[in-house]
Amino acid sequence: MRIRTLIAVLLVGPILATTGWAQGLPTVAPSDVGLSEARLARLEEVVQSYVDDDAIAGAVTLVARKGRQAHVRGYGMADRASGTPMQPDTIFRIASMTKPVTSVAVMMLYEEGRFKLNDPVGQYLPALASLDVLTPSDDGDGPFSRVPARRPVTIRQLLTHTSGIGYRFLGDLGPSATQRALSDLYRDAGVADGLAEHDGTIEGLVTALGQLPLLHEPGAAFSYGLSNDVLGRLVEVLSGTTFDEFLRTRLLEPLGMHDTYFYLPAAKADRLASLYAPDGAGGLDEVEGTVEGQHLIYSATYSTGEHRTNFSGGAGLSSTVYDYARFLQMLLNGGALDGVRILSPVTVDLMTTDHIGDIPIGSVVQPGSGGFGLGFAIRGRPGADGELGSEGAYYWSGFFNTTFWVDPTEELIGILMTQIFPSGSDIQERFRIMAYQAIVERE
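Residue numbers (the numbering used here): 1 to 443.
Keep in mind that the hints were calculated from the coordinates and are not lab data. Note that the Cβ used here is the ideal one computed from N, Cα and C, for glycine as well. Please note that a few of the clues may not be correct.
Label pairs and their calculated CB-CB ranges [to be verified]: (1) Gly67 x Ser425: 27 to 33 Å; (2) Asp52 x Glu441: 39 to 45 Å; (3) Gly334 x Val147: 42 to 48 Å; (4) Ser82 x Ser344: 43 to 49 Å.
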């Protein structure tokens, strides 16, 4: 069985990029867009090495330049138990790569004049109109207290993760005592991060957050959290429809993203890659149920299970590299793709410009970040981290080890999708380096 599977992967892998899987963006030879086929083969060797070393079960990579995809490849297994190989149309839980999609939805309503970015979100979501801030005692040894926030949370602060709204799961990842205290409150209130099956709604989430304190004063720091879930609810209130319906009718279907969902249809569920975790002995175990820590809860079934009411704007979507490439190309094109305009070019420029200045982002993003825009981390000068890349490229990643970047200077898009937590490897950074080194021509 293992020999037959290996033969299938070896035969199918090179074919997938050039034949009947022509989805996503137009497919061309690498040389047509200034990329080297031999150097892309280096990329494939590097990604394959992670499969060979049992660091991941499988992956799919896509590299596009100048609006056309020059490389798409599947590696390893989508499901080891059944021997199903990774294919370019394999569906992945993209988790936090949902956030840029949500941000675009919000900015679509911004362009309709529904709000100003610096409006208090409580103007539209009254539950968030008057919030407290979690404050440690003066000596740092006493209990935490709650004091009224000096200013309201704005919509722009939600888009930039400076609102003070946190994530429950971060309490398990060694942050500050204040974050652990906030995570305790989130856990006790039943606040969900969107990574496991949950029978609540984003309306209920906003109601719960309205009773809980912020991690810090709005605008004072960068704190990764549920801000995009709140933004999903803002879309519902402003549009008069569910967030799921808004995305489907206003964004996903117009862009031809027909494999992107909060909850997969039964007919497509078998295309969802299995989720894996390190087994502690150099191998991998499949995650089949729910994994629960003190604060962290995630599952392999949150996109296919019976609970289908929580449209998490921060973590809920599943997608393919083909679909996500269309979304990213729309942004790289200045807000339009194949005759469909989603945003104005000036709005895309605003979204991909740093909005937080000197506020430090911390370890949640890759080294070399130049700040954070309205839904994306923004890369600073290449010398900041000493690796290949361009200043002004924007990017983000997902909880289960998916990542993307868009480089306007090189007109380059890269997407890597795997399904493992925790990843324990540097595959995202090495994939980015290998994609850049494949550039051999510039106009």
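Consistency of the hints with the structure:
1. Gly67 x Ser425: 27 to 33 Å: holds, 31 Å
2. Asp52 x Glu441: 39 to 45 Å: The hint (39 to 45 Å, Cβ to Cβ) is violated, given that Asp52 and Glu441 are roughly 31 Å apart.
3. Gly334 x Val147: 42 to 48 Å: holds, 44 Å
4. Ser82 x Ser344: 43 to 49 Å: At roughly 46 Å between Cβ atoms, Ser344 and Ser82 fall inside 43 to 49 Å, so the hint holds.
Comparing the model with each earlier hint shows a violation of hint 2 alone; every other hint is respected.
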